[in-house]
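With the sequences and hints as input, model every part of the structure.
Heads up: the protein sequence lines correspond to chains D and A, in order.
Residue numbering for the first sequence is 20 to 262, as defined by our numbering.
Residue numbering for the second sequence is 4 to 182, as defined by our numbering.
It is worth saying that the hints were derived from the structure and are not from the lab.
Predicted, not measured: the structure shown is a model, and the values here were computed from it.
A few of these clues could be false.
Computed cross-link-like contacts, DSBU-like style, restricted to lysine-lysine with a CA-CA straight-line distance of at most 35 Å [unchecked claim]:
| no. | chain 1 | residue 1 | chain 2 | residue 2 |
| --- | --- | --- | --- | --- |
| 1 | D | LYS205 | A | LYS134 |
| 2 | A | LYS105 | D | LYS205 |
| 3 | A | LYS39 | D | LYS237 |
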Amino acid sequence: MPRTPPATQVRVVTLTIDGQALSAREDETIIEVCRENKIPIPSLCWMDGLSIVGACRLCVVEMAGSPRLSAACSTRVAEGMQITTNSERLQRYRRTLVEMLFAERNHVCSVCVSNGHCELQWLAQTCGVDHVRMPYRNHAYDVDSSHEMFRVDHNRCVLCTRCVRVCDEIEGAHTWDVMGRGSDCKVITDLARPWGDSDTCTSCGKCVQVCPTGALVKQGTSVGEMVKDQQFLPILARRRHIR
Amino acid sequence: MSGNRVTVATAWLDGCSGCHMSFLDMDERLVELADKIDIVYSPLVDSKTLPEQVDVGILEGSISNEEDLHKAQEFRRHCKLLVSLGDCAVNGNVPAMRNPFKLDAVFERSYRDNVDTQPQIPTEGVPSLFKTVRPIHGVVQVDVFVPGCPPHADTIYYILSELIGGRTPDPSQVTRFGA
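If you want it as structure tokens, here you go:
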């Protein structure tokens with residue numbers, strides 16, 4: 020779903036979210052309205068300033084009259100919508116999703132450079148994940164330290180594709196892509212060559228800053244030292260549209 | 004020993020003892036706790052056998068070898084309530100980082116590659132290692148999970164106070180993986 024530039028004339032619709040009557044522009048998505056109104060919905064792949072992929076499903080909400088759940092990031096608001104963001108069923112699904120992310124790869128928070136600054140770690144705490152019920156896969160993934168400034172640790176990757184999108188849509192370099200299927204799926208640089216050999220990477224570091232976990236980090240960081248700064252993204256994205 | 008006090012047993016499986024250190028780090032609150040609990044079996048006390056019936060069992064560390072499994076099963080049998088204390092117990096943490104490797108490779112690395120004199124793999128008087136390190140709830144049912152590496156002393160105090168008071172603690176309020 021591409022980002023649409025704000026139109027000059029848009030209608031305003033009214034809807035209720037968790038019983039709260041709200042008004043919103045009709046070109047907004049549910050998650051944008053929730054963020055504006057401080058209604059917490061967990062999300063991982065969605066990021067203000069990037070296109071929408073609706074991949075992580077953490078932001079699913081219930082909509083009155085619809086038997087299936089909708090991703091709040093990829094659903095536009097409509098007149099009269101009645102949305103529930105935090106039912107017991109939704110909590111159960113989100114919990115399971117987060118647990119599966121932990122079981123899939125090797126997230127060892129205590130020794131991770133992003134410990135204390137990680138969105139996945141924070142999500143686990145806010146969703147009440149105090150243990151993982153399914154068995155861990157324990158599959159080994161590569162670490163590529165060939166880039167002089169940055170490092171990619173696929174053990175920590177949740178495949179949110181924020182790096183792929185920010186590199187393509189904001190930096191315009193398109194160094195990152197996704198390769199493989201299922202458990203072999205991973206983000207790659209320049210047709211799966213080592214990051215350090217990349218011809219297209221501008222070393223801007225945007226991918227590192229938007230990465231929610233310790234998958235993309237600066238070289239030389241130790242446990243808990245990798246603090247990310249994502250302020251630049253909405254600013255850059257909005258300037259694009261004003262231009 | 005007073006009859007009204009809550010009996011507590013703790014054990015240190017495959018971990019670094021940091022969670023027990025954090026327990027001791029409750030400082031003067033230990034004095035207050037001593038009026039309410041009896042530590043009947045633990046690396047912190049001298050008793051050698053687990054009593055038949057214990058109110059709260061606390062396990063630090065993961066299940067990495069035969070002895071860990073045996074102790075976890077003993078605790079489950081004898082304790083009314085079982086607590087997984089710390090990331091190793093809750094999710095395998097650092098001990099489980101060997102899981103992606105074959106056990107032979109782990110032995111080679113630990114007992115031959117990095118050893119200068121008389122490299123040898125210990126076989127006598129040591130429990131055999133499992134191929135896969137598991138969290139406690141991978142082998143027995145666990146009632147309360149307290150993540151953290153280690154969980155802060157305040158966290159342990161909160162959890163114990165809630166359990167002593169007969170309430171169900173919500174660990175996510177006070178701790179997280181890696182905390």
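(message) For a C-alpha distance cap of 35 Å, please report whether LYS105/A and LYS205/D respect it.
(response) Holds, because 23 Å separates the two Cα atoms, which is no more than 35 Å.
(message) Checking one constraint from the list: CA of LYS205/D to CA of LYS134/A, max 35 Å. Satisfied?
(response) Given pair LYS205/D, LYS134/A holds - Cα atoms ~27 Å apart, limit 35 Å.
(message) Hint check: LYS39/A vs LYS237/D, CA-CA at most 35 Å. Holds or violated?
(response) Not OK: LYS39/A and LYS237/D at ~49 Å, beyond 35 Å, violated.
This entry does not satisfy hint 3, going by the numbered hints stated previously; all others are met.
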